[in-house]
Amino acid sequence: MELSRIRNFSIIAHIDHGKSTLSDRILEMTKAVDAREMRAQYLDSMDLERERGITIKAQNVRVDWRDSILHLIDTPGHVDFGYEVSRSLAACEGVVLVVDAAQGIEAQTLANCYLALENNLEIVAALNKIDLPAADPDRYAMEIEKVLGIRAEDILRISAKTGEGVPELLDAIVQRIPPPKGDADAPLQALIFDSQYDQYRGVVSSVRVMNGRMRSNEKLLFMQTNAVHEALEVGVRRPAPTPVDELGPGEVGYLIAGIKDVGEARSGETVTHEARPADEPLEGYSDPKPMVFCGLFPIEADDFENLRESLQKLKLNDASISYSPESSGALGFGFRCGFLGLLHMEIVKERLEREFNLALIATAPSVQYQVTKTDGSAMICDNPSDLPPTNYIKSIEEPFFKLNIITPKDYTGTLMDLCQSRRGEFDKLEYLSPERVEMHYLMPLAEVVVDFFDQMKSRSQGYASLDYELHGYRESDLVKVDLLLNGIVADAFSTIVHREKAYDYGRRMCEKLKELIPRQMFDVPIQAAIGGKFIARETVRAKRKDVLAKCYGGDISRKRKLLEKQKEGKKKMKSIGRVEIPGDVFISALKLDGRRP
Amino acid sequence: MHPGFGVYVHIPFCAKKCDYCAFATFTDREKLIEQYLSALRTHIRRSVAGSMPLATSVFIGGGTPTLVPAEELMGVLREIPLASGAEVTVECNPDDISTAMMDVYRRGGVNRISIGVQSAVEHVLRALGRTHKPENVRGSVDCVREAGIENFNLDVIYGAAGETLDDWRETLDAVVGLNPPHVSAYGLTVEPNTVLATQPDRHPDDDDQADKYLLCDEVMTANNLLNYEISNWAKPGRECEHNSLYWRQGNYEGFGSAAHAHLNGRRWWNVRTPERYIELVNAGESPESASETLDAQTRKREALQLLVRTREGVPVGSFSDADLDEMAELIQRRDDRIVLTIDGRLLANEVALRLIDAV
Chain A
439 MELSRIRNFS
449 IIAHIDHGKS
459 TLSDRILEMT
469 KAVDAREMRA
479 QYLDSMDLER
489 ERGITIKAQN
499 VRVDWRDSIL
509 HLIDTPGHVD
519 FGYEVSRSLA
529 ACEGVVLVVD
539 AAQGIEAQTL
549 ANCYLALENN
559 LEIVAALNKI
569 DLPAADPDRY
579 AMEIEKVLGI
589 RAEDILRISA
599 KTGEGVPELL
609 DAIVQRIPPP
619 KGDADAPLQA
629 LIFDSQYDQY
639 RGVVSSVRVM
649 NGRMRSNEKL
659 LFMQTNAVHE
669 ALEVGVRRPA
679 PTPVDELGPG
689 EVGYLIAGIK
699 DVGEARSGET
709 VTHEARPADE
719 PLEGYSDPKP
729 MVFCGLFPIE
739 ADDFENLRES
749 LQKLKLNDAS
759 ISYSPESSGA
769 LGFGFRCGFL
779 GLLHMEIVKE
789 RLEREFNLAL
799 IATAPSVQYQ
809 VTKTDGSAMI
819 CDNPSDLPPT
829 NYIKSIEEPF
839 FKLNIITPKD
849 YTGTLMDLCQ
859 SRRGEFDKLE
869 YLSPERVEMH
879 YLMPLAEVVV
889 DFFDQMKSRS
899 QGYASLDYEL
909 HGYRESDLVK
919 VDLLLNGIVA
929 DAFSTIVHRE
939 KAYDYGRRMC
949 EKLKELIPRQ
959 MFDVPIQAAI
969 GGKFIARETV
979 RAKRKDVLAK
989 CYGGDISRKR
999 KLLEKQKEGK
1009 KKMKSIGRVE
1019 IPGDVFISAL
1029 KLDGRRP
Chain B
683 MHPGFGVYVH
693 IPFCAKKCDY
703 CAFATFTDRE
713 KLIEQYLSAL
723 RTHIRRSVAG
733 SMPLATSVFI
743 GGGTPTLVPA
753 EELMGVLREI
763 PLASGAEVTV
773 ECNPDDISTA
783 MMDVYRRGGV
793 NRISIGVQSA
803 VEHVLRALGR
813 THKPENVRGS
823 VDCVREAGIE
833 NFNLDVIYGA
843 AGETLDDWRE
853 TLDAVVGLNP
863 PHVSAYGLTV
873 EPNTVLATQP
883 DRHPDDDDQA
893 DKYLLCDEVM
903 TANNLLNYEI
913 SNWAKPGREC
923 EHNSLYWRQG
933 NYEGFGSAAH
943 AHLNGRRWWN
953 VRTPERYIEL
963 VNAGESPESA
973 SETLDAQTRK
983 REALQLLVRT
993 REGVPVGSFS
1003 DADLDEMAEL
1013 IQRRDDRIVL
1023 TIDGRLLANE
1033 VALRLIDAV
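Line order of the protein sequences matches chains A and B.
So the first sequence is numbered by our numbering: it starts at 439 and just counts up by one.
So the second sequence is numbered by our numbering: it starts at 683 and just counts up by one.
If you are wondering where the hints come from, they were derived from the structure by calculation, not from laboratory data.
Any given hint might turn out to be false.
Stated by the list, open to error - Listed next, the in silico DSSO-like pairs over lysine-lysine satisfying Cα-Cα at most 30 Å (straight line):
{"hint": "1", "chain 1": "A", "residue 1": "LYS787", "chain 2": "A", "residue 2": "LYS657"}
{"hint": "2", "chain 1": "B", "residue 1": "LYS917", "chain 2": "A", "residue 2": "LYS997"}
{"hint": "3", "chain 1": "A", "residue 1": "LYS1009", "chain 2": "B", "residue 2": "LYS982"}
{"hint": "4", "chain 1": "A", "residue 1": "LYS952", "chain 2": "A", "residue 2": "LYS971"}
{"hint": "5", "chain 1": "A", "residue 1": "LYS997", "chain 2": "B", "residue 2": "LYS982"}
The following block holds chain A by itself, in its conformation from the complex (with noise of 0.2 Å):
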């Protein structure tokens, strides 16, 4: 195929600002779906993805526009997946910047603009939703060209809606992005930047060729692994995944090579002829690493077992998920996860409890400290309940990270607040427009994960924008506090956070606990306590009475039933030494945990 004629993008856009309206729109402008066919948001697959209106997972997907062919290559919406986006960009000459003409550009829009220009690629920024009354196109172009030296009147005016504006958008692509380079008699070079595992196929990589060119039935060498699969199928996407004979220079396509484990299909690999391979690989780029931990334990113990296999499948699919078996007191046997962030988190404790059927509790969120112990040895902790005593901690280090966050001038203060009282370090403030103001931030990661992202869309109505990066790890005064009832540590409960804040930590805890606690037969005291001082107490009073219900008409029958229901409900109690806890007491309270102070 001719270079000339092809084009690679990714859209960029924040998270409701119209980029899976775009590519409804764009499918079906170029007649590569049906309106009939059309299902809103063709491209989120993954009922989460639809009902959240996120994309998790990068798709791609070929389109003919007048002579050219298009590549829209698919990037996910949320700071989590932000490697995802790396990958995608690395398949791609240009991007697409899609921002609401009613609210302006968002700090991780921005974000991975600047990702984009770092990496060389065309921006073509489209301004959307103009048939919306409160659209004001020309002040947010104004921002645009500010922020991101994009000239004003080169920015496009669109309804991805109504369609308006996208027939010149497409053209816009094929101007302004350049074609692909490559040279198709060279080495196979293909880049995969996306594998998910199909139960039926195995491993579907997404993939672009770089230079030579790739058929089906060929032995190919996968660079990084080392290993040798054979091509059983080469094709692409339109968006029914079509067979295709070859993939040449600039194409962007999937590769089925009979792989069970994404694992050996990792993105960044680069993928050669094992007859003539190419001298080196294509730069690829570093895994993520988990930034968020919780342990995750089945309500109901006999499910242990398949929690373990599920989260096996899962990983298939979704290489950055970590996990390790864990034992805690308090709620028996789970596993130790890892994710890349909050909403990870959420999606695959969603993902787990939707697809594989399990009920599950999650644990408060940690991040991963680095311990120095007085002997001068280091450990790597993620567990509160891993943490060495305070008198064998020589100090704890815990991930800053830098904190961008876009809003509108108005809520300036409030953020600021927020931020102060989250231990955030002011590092500059700029305006962006008269309006808008962009923050920048040094916060422990710690202070992040717990609601930060809540606390800061209901300050500022929903109008601000989050992106962070990891800056480094920093020493900070941490103390873990320990949760006791009856005299017992309640692991489930145990927090790292910082000294000054452990009193109210604790506090807070103890009358949460204290609510939702039922009475037992005896008082229960629940303690917080750092190390072995106490810095709080609350006492769940024991119960005096239970029914002393009247018996209507001799029925007897019903007064044993009650009897025997209430033993059922105890044996789905939880003990933590003699206090017996319905297990929804954990999800409570480590829900609530999310206000932390």
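On the provided structure of chain A, position chain B as indicated by the hints.
Quick look at chain B alone, frame taken from chain A:
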């Protein structure tokens, strides 16, 4: 097991439904009364022909038995063959009681009256959704006595919304002031599918009810009304036979809609509505709605659950010291039996659960 044989007769009609009541009673079916009483008589006759034993106790409850013409109610009672000295109780609404009515009852064989006092404090009665005036209670007790019925019970309820401990004390003082042979005091209980269940702000508080229970026991004991079952106090010798039968897993027959019955481990209950009951009885069919037959283990556990509520308690039997030590404050040993302490009476379910677990 209790050697006696009880008969329960259910009168499902009420002038007004109390909003805490979960029992099968109806406020709009008075036109059915005549047919219903006739069905009761037919049903009883059929059982008697089937060699029903002589009743050692009869309890006519509801609903509101006093809503039914007294003569006709006695017509139903006459169908039941009584053992000599049988206890025969009718549950009465204090507003309905008159000397004439009590006269009819006494002549018909009734020798015990149970009066639904509920509270002596007007705002508490209103909170319970009851309509009678507290001062009617004294008058109705006088009627009972004037008619020559010496044995009676006063029913009270504690824990209604807005009832203070002093209100409760007032009720208790009023009750013992009438010198009753027997008092039943029930904690207001939120039953599913009642008006009360839908109004959480009116739900009783456990600690408050515990305090009221303790006060009740104190006042009763001081007046020689001794606790013989968690919610029942009586002058010595005036314990309710019929009630005792239930707690001792005794046998009883049930007549009327929604009435329960028990015979040697088989428990059954009649259809819920009076219409259906009338229809089945008139068609010569059994009005039984459903039944359960208890296996030996379940029966044994049920016996424990019921008996532990009584002053006699349960046999020490196979319970280990460890089982019993765990409940040190809730039970005490009296010879070879385990009896609830007053704290244990408040937590009888908990104790029953543990005893059952240990069986």
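Status of each hint after checking the structure:
no.: 1; hint: LYS787/A to LYS657/A; in the structure: violated, 38 Å
no.: 2; hint: LYS917/B to LYS997/A; in the structure: holds, 27 Å
no.: 3; hint: LYS1009/A to LYS982/B; in the structure: holds, 21 Å
no.: 4; hint: LYS952/A to LYS971/A; in the structure: holds, 20 Å
no.: 5; hint: LYS997/A to LYS982/B; in the structure: holds, 15 Å
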